[in-house]
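Trainee: The chain contents come next:
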Amino acid sequence: GAVVSQHPSWVICKSGTSVKIECRSLDFQATTMFWYRQFPKQSLMLMATSNEGSKATYEQGVEKDKFLINHASLTLSTLTVTSAHPEDSSFYICSANGSPAWLFGPGTRLTVL
Amino acid sequence: GQQLNQSPQSMFIQEGEDVSMNCTSSSIFNTWLWYKQDPGEGPVLLIALYKAGELTSNGRLTAQFGITRKDSFLNISASIPSDVGIYFCAGAKTSGTYKYIFGTGTRLKVLA
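If you're matching them up, the sequences are chains D and E in order.
Residue numbering for the first sequence follows the working numbering, starting at 12 and increasing by one per position.
Residue numbering for the second sequence follows the working numbering, starting at 3 and increasing by one per position.
In isolation and in its complexed conformation, chain D is listed as follows (with noise of 0.2 Å):
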């Protein structure tokens, strides 16, 4: 059935560095994937609305050269983290429309030390 999954499921990095993050949707294509960043005990939060072939669009107060993303083909989105620092660890969690509604990838868990 559709699934959506992420890699990887865990990272951990040193401040200054750029981490990619996968999201594929598995037996369905998503022509939209939206990435979201929960911090602990909180809710998830809108990042960016990813598209394939065309530019990101992101939420307000989300820096759109920190965090790029690539979405390249129907089954595949890329979160970029460029230039890393402490405050950006957080999970990180993509979605896709599985129809009948979306559904979420597993996360992944960013840390920077």
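If you're looking for bench data, these hints aren't it; they were derived computationally from the structure.
Keep in mind it's a predicted model, so treat the numbers as computed, not measured.
Errors might be hidden in some of the hints.
No more than 20 Å apart at the CA atoms, straight line, and that leaves these computed lysine to aspartate or glutamate pairs for DMTMM-like [stated by the list, open to error]:
no., chain 1, residue 1, chain 2, residue 2
1, E, 101, D, 63
2, E, 38, E, 85
3, D, 31, E, 43
Starting from the known structure of chain D, fit chain E onto it as the hints suggest.
Mentor: Okay, now just chain E, sitting in the frame of chain D:
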């Protein structure tokens, strides 16, 4: 970012009790979803609602899409320990892409 108001924030209940939580918005939504999230995992869809007034069940879970389109309710009957987790509502407006806005979450703890 925008969030929906969800209440209660947290609740402790005894096993076997029924649970109710709700989600409200200042604006109208055309779709309401309810998710459950376990620690360290992504949200898992519980119930999807697409029509005002709709009442949908999934096992012991029942959710309703409010008539005003500005709220939704989730009820869990006869709670069990594995119901523990965080429950989120999510609403979307039909505007081309279904951009879901999440509620603040209800943290549920079930005492055996």
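Trainee: Hint by hint, note whether the structure agrees.
Mentor: Evaluated hints:
{"no.": "1", "hint": "E:101 / D:63", "result": "holds, 15 Å"}
{"no.": "2", "hint": "E:38 / E:85", "result": "holds, 9 Å"}
{"no.": "3", "hint": "D:31 / E:43", "result": "holds, 19 Å"}
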